[in-house]
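Visitor: Line by line, the protein sequences are chains A and B. Per numbering that gives the first Met the number 0, the very first residue in the first sequence carries number 0; after that it's consecutive. Per numbering that gives the first Met the number 0, the very first residue in the second sequence carries number 0; after that it's consecutive.
Incorrect hints may appear among the rest.
Pairs of lysine-lysine residues, derived as DSSO-like cross-links and limited to a Cα-Cα distance of at most 30 Å, are as follows [claimed, not checked]: (1) LYS408/B / LYS1/A; (2) LYS140/B / LYS122/A; (3) LYS82/A / LYS374/B; (4) LYS54/A / LYS30/B; (5) LYS119/B / LYS64/A; (6) LYS98/A / LYS423/B; (7) LYS119/B / LYS54/A; (8) LYS33/A / LYS186/B; (9) LYS122/A / LYS292/B; (10) LYS251/B / LYS76/A; (11) LYS248/B / LYS1/A; (12) LYS374/B / LYS64/A; (13) LYS77/A / LYS327/B; (14) LYS245/B / LYS77/A; (15) LYS101/A / LYS374/B; (16) LYS77/A / LYS292/B; (17) LYS127/A / LYS399/B; (18) LYS15/A / LYS400/B; (19) LYS15/A / LYS45/B; (20) LYS91/A / LYS248/B; (21) LYS90/A / LYS119/B; (22) LYS64/A / LYS292/B; (23) LYS408/B / LYS34/A; (24) LYS222/B / LYS140/B; (25) LYS259/B / LYS76/A; (26) LYS64/A / LYS49/B; (27) LYS327/B / LYS374/B; (28) LYS33/A / LYS248/B; (29) LYS77/A / LYS119/B.
Which chain B residues stay away from chain A? Per the calculated CB distances, all over 10 Å, these [unchecked claim]: (30) LYS5; (31) TYR9; (32) ILE71; (33) ASP139; (34) LEU144; (35) GLU158; (36) ASN166; (37) ARG184; (38) LYS186; (39) HIS236; (40) GLN237.
Calculated from the structure, these hints are not laboratory results. Just so it is clear, CB atoms sit at the ideal spot from N, CA and C, and this is done for glycine as well.
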Amino acid sequence: MKKYEFLEHKADIRIKAYGKNFEEALLNSAYALKKVILKKEINEKEEIKEIIKIKGNSKEEILHKFLEEFLFILDSKKELLIKIEKINLEKKEIVLYAKFQKIKENRINNPIKAIVYNDILIKELKDKTTIEFTLDL
Amino acid sequence: MVKLKKISNYEWEIPKEEGMIVPGKIFSDKKLLNKEKDDFCIDQIKRVAKLPGIINYSFAMPDFHQGYGFSIGAVAAFDIKNGVVSPEGVGYDINCGIRALVTNIDEEEFLEKKEQFVKKLMENIRIGNNPIEESFQEIDKILKLGAKRAIEKGFGKKEDLEFCEENGRIKIANPKDVSNRAKERAKFQVGTLGSGNHFIEFGKVEKIFDWDVAKKFNLSKNKICVLIHTGSRALGHQVASDYVEKIRKQEKNQEISYCKINSKIGKEYLSAMNCAANFAFYNRQIIMNEIRKVFEKFFPKRKSNLLYDVCHNIAKIEKHKIGKKVKKILVIRKGATRSFGPGRKEITKKYFEIGQTVIVTGSMGTYSYFLIGTKEAEEKSFGSCAHGAGRELSRFDAIKKLNVEKIMKDMNNKNIQILCQSKKAILEEAPEAYKEISQVIKVIEKNKLAKKIARIKPLIVIKG
Numbered sequence: 000m001k002k003y004e005f006l007e008h009k010a011d012i013r014i015k016a017y018g019k020n021f022e023e024a025l026l027n028s029a030y031a032l033k034k035v036i037l038k039k040e041i042n043e044k045e046e047i048k049e050i051i052k053i054k055g056n057s058k059e060e061i062l063h064k065f066l067e068e069f070l071f072i073l074d075s076k077k078e079l080l081i082k083i084e085k086i087n088l089e090k091k092e093i094v095l096y097a098k099f100q101k102i103k104e105n106r107i108n109n110p111i112k113a114i115v116y117n118d119i120l121i122k123e124l125k126d127k128t129t130i131e132f133t134l135d136l
Numbered sequence: 000m001v002k003l004k005k006i007s008n009y010e011w012e013i014p015k016e017e018g019m020i021v022p023g024k025i026f027s028d029k030k031l032l033n034k035e036k037d038d039f040c041i042d043q044i045k046r047v048a049k050l051p052g053i054i055n056y057s058f059a060m061p062d063f064h065q066g067y068g069f070s071i072g073a074v075a076a077f078d079i080k081n082g083v084v085s086p087e088g089v090g091y092d093i094n095c096g097i098r099a100l101v102t103n104i105d106e107e108e109f110l111e112k113k114e115q116f117v118k119k120l121m122e123n124i125r126i127g128n129n130p131i132e133e134s135f136q137e138i139d140k141i142l143k144l145g146a147k148r149a150i151e152k153g154f155g156k157k158e159d160l161e162f163c164e165e166n167g168r169i170k171i172a173n174p175k176d177v178s179n180r181a182k183e184r185a186k187f188q189v190g191t192l193g194s195g196n197h198f199i200e201f202g203k204v205e206k207i208f209d210w211d212v213a214k215k216f217n218l219s220k221n222k223i224c225v226l227i228h229t230g231s232r233a234l235g236h237q238v239a240s241d242y243v244e245k246i247r248k249q250e251k252n253q254e255i256s257y258c259k260i261n262s263k264i265g266k267e268y269l270s271a272m273n274c275a276a277n278f279a280f281y282n283r284q285i286i287m288n289e290i291r292k293v294f295e296k297f298f299p300k301r302k303s304n305l306l307y308d309v310c311h312n313i314a315k316i317e318k319h320k321i322g323k324k325v326k327k328i329l330v331i332r333k334g335a336t337r338s339f340g341p342g343r344k345e346i347t348k349k350y351f352e353i354g355q356t357v358i359v360t361g362s363m364g365t366y367s368y369f370l371i372g373t374k375e376a377e378e379k380s381f382g383s384c385a386h387g388a389g390r391e392l393s394r395f396d397a398i399k400k401l402n403v404e405k406i407m408k409d410m411n412n413k414n415i416q417i418l419c420q421s422k423k424a425i426l427e428e429a430p431e432a433y434k435e436i437s438q439v440i441k442v443i444e445k446n447k448l449a450k451k452i453a454r455i456k457p458l459i460v461i462k463g
């Protein structure tokens with residue numbers, strides 16, 4: 000199964016992420032976001048482990064906060080996601096264990112302004128979940 | 000395609016249908032309209048027309064294209080008592096706007112020193128993040144005072160403020176209405192350009208259409224101008240996100256998030272939005288100041304003056320004539336520019352008798368225009384006008400269909416230097432990805448939303 004793909008959108012970027020379940024689709028959404036931010040892989044030595052907790056009343060809200068958290072960490076700590084090692088979803092909370100790398104100033108110029116709230120589409124089937132969302136550039 | 004009612008070759012109406020409080024009004028010609036032949040934008044215009052308290056029309060300017068919630072190029076005005084405000088109506092890049100600096104540096108003398116000038120400039124301006132973070136205390140001052148704070152710190156001249164919309168500072172702005180999360184995201188981005196469609200462009204005055212007004216603007220042929228296009232960076236993005244979430248939860252909105260202007264949350268949003276707008280004014284002042292310093296180094300005998308600084312994404316409380324009465328209303332402009340005619344107290348004294356400066360930028364490598372606002376714009380569109388060329392190709396299509404080498408060759412042939420870190424960004428922002436600016440300008444003029452004063456040809460474009 001492919002992890003994600005970019006869909007047609009006039010001014011911004013629309014992403015469709017795939018997974019066996021919601022957690023896997025969330026994970027692949029994050030990697031799609033990283034692909035948009037990072038023009039080419041950067042090998043920085045310093046790796047930082049972060050534990051991130053996201054709460055939400057709906058899966059749309061969880062997705063929005065989840066993706067926005069990566070933008071927040073990039074802007075406020077200058078850390079970019081390398082890999083999500085573990086992701087747990089229980090009721091209304093996601094806990095993820097991820098590795099980030101410290102980025103020097105001017106190595107990244109994040110083009111993403113926001114995760115657009117009213118464009119989120121989540122479809123859950125038996126063995127497949129798809130998540131669609133728009134990034135405002 | 001929905002059936003539009005033709006008012007003229009340059010003005011169209013979307014008739015009222017169920018749920019719409021007002022009709023839609025599109026300022027466009029047939030060619031530009033056909034570029035938006037899918038119904039996304041039309042649906043967006045219709046959806047805005049259903050918002051409570053909307054007055055007259057749900058407008059679309061000639062550069063309109065698909066956004067989210069509101070289309071880009073949307074203008075909508077609301078009654079203060081009964082009407083609503085929408086963070087999606089303003090957009091995530093609050094006070095993304097444009098600032099124009101005019102000089103008496105001749106094109107020839109500029110090009111002689113171009114290489115060293117650009118080298119020095121790139122050392123001084125910040126495109127991405129700063130190495131050092133700004134304190135929350137200082138960020139709060141910037142949120143409250145906008146460009147005025149920059150002047151207090153010595154980054155510019157006091158008279159610069161006269162040539163900014165709102166004098167570079169919207170007053171009802173309480174930093175307490177901005178989350179710490181937004182300030183955390185902003186702390187490394189104070190005074191930076193950002194990426195996407197943000198840019199700095201050095202150009203020359205290539206043609207003058209109105210010599211009298213050009214004189215007032217200190218414009219002369221073949222002299223250098225600078226355009227700075229940026230906004231409120233991650234601070235504005237987070238303010239918008241925070242309030243989209245809060246308002247959605249409270250109001251249980253389905254499509255567009257909105258709330259009453261006069262509600263507690265409505266007032267908090269407007270205050271936070273104004274803070275983000277002030278942050279953007281401050282950023283453009285800092286960037287302009289850095290450019291001025293480099294001008295002073297290489298052209299010490301030459302002068303530079305701020306022509307104007309204008310917002311593209313904002314909600315403003317303004318007085319307009321509704322029927323026979325003048326009323327205070329809220330005007331939301333998303334990817335649209337204010338375009339006030341002569342005699343409005345909001346515009347700077349120097350331009351009081353001629354009208355507000357309007358700046359409409361072309362895409363990378365194409366012309367931009369300086370215009371003046373008109374009384375007709377005030378009557379037809381609540382004093383609003385287009386802000387740019389408007390996208391024609393999606394980013395996806397631009398990357399698929401266009402060729403970087405060909406674009407760069409075209410730029411070379413036109414003697415335009417593009418400085419951009421990313422081939423992908425060059426493709427996404429190529430002239431072919433945007434509508435023809437001359438068409439947009441023609442529609443503006445045919446509707447008398449603004450009047451052409453000068454055309455600017457790019458020489459150097461710096462993209463984030």
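Visitor: All hints are to be evaluated individually against the structure, with a verdict given for each.
Guide: Here's how the hints hold up against the structure:
1. In summary, the hint linking LYS408/B to LYS1/A is not supported, as the alpha carbons are separated by about 37 Å, beyond the 30 Å threshold.
2. This hinted pair does not check out: LYS140/B and LYS122/A have alpha carbons roughly 45 Å apart, beyond 30 Å.
3. Using a Cα cut-off of 30 Å, the hinted pair LYS82/A and LYS374/B is violated, with the two alpha carbons roughly 57 Å apart.
4. This hinted pair does not check out: LYS54/A and LYS30/B have alpha carbons roughly 48 Å apart, beyond 30 Å.
5. Straight-line distance between C-alpha atoms of LYS119/B and LYS64/A comes to about 40 Å, which puts the hinted pair past the 30 Å bound.
6. A threshold of 30 Å between alpha carbons decides the hint, and for LYS98/A with LYS423/B the separation of about 27 Å falls inside it, so the pair holds.
7. The suggested pairing of LYS119/B with LYS54/A is violated, with an alpha-carbon distance near 47 Å, which exceeds 30 Å.
8. Distance hint between LYS33/A and LYS186/B is fulfilled; the C-alpha atoms sit about 22 Å from each other, no more than 30 Å.
9. Taking the CA atoms of LYS122/A and LYS292/B, the gap is near 54 Å; set against the 30 Å cutoff, the hint is violated.
10. Simply put, LYS251/B and LYS76/A have alpha-carbon atoms about 33 Å apart, too far for the 30 Å limit, and the pair is violated.
11. Note on LYS248/B and LYS1/A: the hinted pairing is violated, with a Cα-Cα distance of about 34 Å set against a maximum of 30 Å.
12. Proposed proximity of LYS374/B and LYS64/A is contradicted: the alpha carbons are some 45 Å apart, above 30 Å.
13. Using a Cα cut-off of 30 Å, the hinted pair LYS77/A and LYS327/B is violated, with the two alpha carbons roughly 44 Å apart.
14. For the hint linking LYS245/B to LYS77/A, the alpha-carbon distance of about 27 Å falls within 30 Å, and the restraint holds.
15. Under the criterion of a C-alpha separation no larger than 30 Å, the hint pairing LYS101/A with LYS374/B is inconsistent with the structure, at around 53 Å.
16. Distance check on the hinted pair: LYS77/A and LYS292/B sit about 29 Å apart at the alpha-carbon level, within 30 Å; holds.
17. Of the supplied pair hints, the one linking LYS127/A and LYS399/B holds, its CA atoms being roughly 29 Å apart against a limit of 30 Å.
18. Restraint check for LYS15/A and LYS400/B: the C-alpha separation of about 22 Å stays at or below 30 Å, so the hint holds.
19. Using a Cα cut-off of 30 Å, the hinted pair LYS15/A and LYS45/B holds, with the two alpha carbons roughly 27 Å apart.
20. Pair hint LYS91/A plus LYS248/B holds up; C-alpha atoms about 16 Å apart against a cutoff of 30 Å.
21. Pair hint LYS90/A plus LYS119/B does not hold up; C-alpha atoms about 55 Å apart against a cutoff of 30 Å.
22. Under the criterion of a C-alpha separation no larger than 30 Å, the hint pairing LYS64/A with LYS292/B is inconsistent with the structure, at around 41 Å.
23. For the suggested pair LYS408/B and LYS34/A, the alpha carbons sit about 28 Å apart, so the restraint of at most 30 Å is met.
24. With a C-alpha separation of about 36 Å, the suggested pairing of LYS222/B with LYS140/B is violated against the 30 Å cut-off.
25. Only pairs whose Cα atoms come within 30 Å are accepted, and LYS259/B paired with LYS76/A is rejected, the gap being roughly 36 Å.
26. A C-alpha spacing of about 29 Å is found between LYS64/A and LYS49/B, which places the hinted pair at or below 30 Å, so the restraint holds.
27. Using a Cα cut-off of 30 Å, the hinted pair LYS327/B and LYS374/B holds, with the two alpha carbons roughly 17 Å apart.
28. The suggested pairing of LYS33/A with LYS248/B holds, with an alpha-carbon distance near 28 Å, which does not exceed 30 Å.
29. Proposed proximity of LYS77/A and LYS119/B is supported: the alpha carbons are some 26 Å apart, at most 30 Å.
30. Under the 10 Å C-beta cut-off, the non-interface status given to LYS5/B relative to chain A holds; the minimum distance is some 24 Å.
31. Listed as a non-interface residue, TYR9/B keeps its Cβ farther than 10 Å from every Cβ of chain A; the least gap is roughly 22 Å.
32. A beta-carbon of chain A is positioned within 10 Å of the beta-carbon of ILE71/B; the least distance is around 6 Å.
33. Every beta carbon of chain A lies more than 10 Å from that of ASP139/B, the smallest distance being close to 17 Å; the non-interface claim holds.
34. Every CB of chain A lies more than 10 Å from the CB of LEU144/B, the least distance being 23 Å, so the non-interface label holds.
35. The Cβ of GLU158/B sits about 32 Å from the closest Cβ of chain A, beyond the 10 Å cut-off, so the non-interface label holds.
36. At roughly 26 Å from the closest C-beta of chain A, the C-beta of ASN166/B stays outside 10 Å, upholding its exclusion from the interface.
37. A cut-off of 10 Å between C-beta atoms contradicts the statement that ARG184/B is not in contact with chain A; the least separation is 4 Å.
38. A beta-carbon of chain A comes within 10 Å of the beta-carbon of LYS186/B; the shortest separation is about 7 Å.
39. Chain A draws HIS236/B into its interface by the beta-carbon criterion, the shortest separation being 5 Å against a cut-off of 10 Å.
40. With a minimum CB-CB distance of about 8 Å to chain A, GLN237/B fails to clear the 10 Å threshold, and the non-interface call is violated.
Hints 1, 2, 3, 4, 5, 7, 9, 10, 11, 12, 13, 15, 21, 22, 24, 25, 32, 37, 38, 39 and 40 from the earlier list are contradicted by this structure; the remaining hints agree with it.
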